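Visitor: Here is how the chains run, residue by residue.
Number of protein chains: 2
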Amino acid sequence: MSSSFPSAYEEQLQAAKLFIEANDHFLVVSHLNPDGDAISSTLAMGCLLRCLGKSYVTANEGPIPDKFAFLPECGSIVDLSQLSSHPDRFAKAIAVDCADRERIGQTQQLFAADCALLNIDHHVTNTRFGEVNVVRSDAAATVEMIYELARYCNVPIDLELANCVYTGLLTDTGGFRYANTTPLVMRIAAELLDLGVQGNALAQQTLETMSPAQIGLLQRALASLAFSADKRIAWVAVTAEQLAETGAANEDTDGLVNYARNIEGVDVGLLFKQKSEREVKVSLRSSDHADVSGIAQAFGGGGHARAAGCSIYASLPEAIEQVVRKVGTALS
Amino acid sequence: MSSSFPSAYEEQLQAAKLFIEANDHFLVVSHLNPDGDAISSTLAMGCLLRCLGKSYVTANEGPIPDKFAFLPECGSIVDLSQLSSHPDRFAKAIAVDCADRERIGQTQQLFAADCALLNIDHHVTNTRFGEVNVVRSDAAATVEMIYELARYCNVPIDLELANCVYTGLLTDTGGFRYANTTPLVMRIAAELLDLGVQGNALAQQTLETMSPAQIGLLQRALASLAFSADKRIAWVAVTAEQLAETGAANEDTDGLVNYARNIEGVDVGLLFKQKSEREVKVSLRSSDHADVSGIAQAFGGGGHARAAGCSIYASLPEAIEQVVRKVGTALS
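Here the protein sequences come in this chain order: A and B.
Take the first sequence: its letters are residues 3 to 334, numbered as in our numbering.
Take the second sequence: its letters are residues 3 to 334, numbered as in our numbering.
Warning: the hint list may mix true and false statements.
Remember, identical chains collapse to one label, so a pair may be satisfied in a single copy or spanning two.
As the list claims (entries may be wrong) - Computed cross-link-like contacts, SDA-like style, restricted to lysine to any residue with a CA-CA straight-line distance of at most 25 Å:
no., residue 1, residue 2
1, K19, S83
2, K277, R91
3, K56, G296
4, K328, V157
5, K283, G176
6, K277, E253
7, K69, G176
8, K277, G55
9, K233, D68
10, K56, T127
Calculated from the structure, these hints are not laboratory results.
Predicted model only: the values in this text are computed from it and were never measured.
Next up, chain A with everything else stripped away, as it sits in the complex (with noise of 0.2 Å):
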């Protein structure tokens, strides 16, 4: 099933195939701040080049997820306290799960003024950036993509490949969970279960496990949960302080807002991280019945009907006041 592609999809694979074909050394890299599919697509790719006989280079600006340590060659991802001193410039790069060139951030140093860029990714929004783009925006993870050209350049598909694969579809699609997950995703996984993935590690690992600092974040935010009258708005609040004496890092209040939202009942839910005295982000997640979008924007944010975000440049209590109180009147 995932031999036959559309035609212009299978043109673009061709042309990756032609680019990896007549080249010997490669630099791999993703995006800045990587999530699972940026890192497990970096070093799908390095095992791909790995089987065609080809020496390359993976980078990452960083800072990459301790939970991501596991994956075998992760440690072996150039940073950037090594970028500097690094003594090799790269006259062909690949860029994994990058939706335009700026997201690639500081490992760029390493491109040489004539760098030619294969560009591999599944944001709706990709630039087309590279010499070679392959673009397919209905794929739930970059690799899945990098699967397909895997299996379109007749590579052998070892159990580390098929790691990096699976890890990157768990993550992506929240473990089988956002809409993303297609049938195609599910077939993927199968084949990938067949050769011998233990996908329930790599949930454990990569999906369940929290760290100190996130639990101790969840613990705090629980407590502050509260409700509107109707029940039908609920949030959870951080303090500065508290993200502070936790040792909480950016990623680790990503799924705090989920919690609201998932109440039986609860129609929007809402994260209050406190920045600053004067600063507070807000995360709104809605249910069918709501669109935070326009709420968003009215607070000078953004976002999707489901998802969005703005910044409130107030204390906490006042933020959580003047939102919640918006809110209520879009519900209404």
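Got chain A; can you put chain B on it based on the hints?
Guide: Showing chain B alone in chain A's frame:
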């Protein structure tokens, strides 16, 4: 792929098909305290019978968790309050997801004296209590086997049946995360998504939505989170008073122990659930590094290496002290 079966299993499917074809009116039952697979299997079997032009009644002793009420026909499952007044006594019954006859509970009141049973189940401990038995213990869920039976009977898989099967797969694999998530499970899920199942909405409904009681309990449990000195043991506790004030049902405490177990660096996670002033139920969960079944046994309980339980007849602080000390000794 799901149309070719090992011959011994195909014989069982054939016997089930004959059982259904040879009769016209059926009672479909599952186990008391039904979970997602029990309910989905009951309703999926109803769909299958309807497609084959048979009449049927579904029944369950209950209680049926509210979160499955969205499934079509869930409301027509005959419940405990309706049993004694039900006019029918059934000569043919189909038990789904029941390891033994006792698990069927009080709905057996609806069996005629000479009632013949078709037993469809995936539990390794199944006692083959039916006149016809379809048992495959490597199936992730009983609903997976009902899907196979539907295919075997050439029943067209409509969206209602597909939704039931996807729901049962989701709940019995923990959202495609447990070790029972086989390649076959993923291929069936792919087929169901092809048929129009909205996997995202089903996952939201059955796995992510929390009742006010559940979130209230999680809040209180996390507030109690504590660690051993070496941070290899983490535990949460809920008091009898907290269980009462949140209005928590028995199943609402189910996932709490995982919050303790899933913390980075923790080898054993514990949940202490106070039943009364002198009784505490303990759930023990471990990572790869520890076997908790022996610890549970030492307290008169039992279970598996990774998941076990016991009851301690002591106050809550005493129970915590005793079990944590024993786990500490086992780990060192």
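Visitor: Take the hints in turn and mark each one as holding or not.
Guide: How the hints compare with the structure:
1. K19 / S83: Close neither inside one copy (32 Å) nor across copies (66 Å); limit 25 Å.
2. K277 / R91: Neither: 38 Å inside a copy, 66 Å across copies.
3. K56 / G296: Cα proximity of K56 and G296: none, with 49 Å in one copy and 51 Å across.
4. K328 / V157: Intra 54 Å, inter 51 Å, cutoff 25 Å: neither.
5. K283 / G176: Close inside one copy (23 Å), not across copies (32 Å); limit 25 Å.
6. K277 / E253: within (14 Å within a copy, 38 Å between copies)
7. K69 / G176: both (15 Å within a copy, 21 Å between copies)
8. K277 / G55: Intra 48 Å, inter 63 Å, cutoff 25 Å: neither.
9. K233 / D68: Classified as between; 18 Å across copies, 37 Å inside a copy.
10. K56 / T127: neither (30 Å within a copy, 52 Å between copies)
Going down the numbered hints, you'll see the structure goes against 1, 2, 3, 4, 8 and 10, while the others check out.
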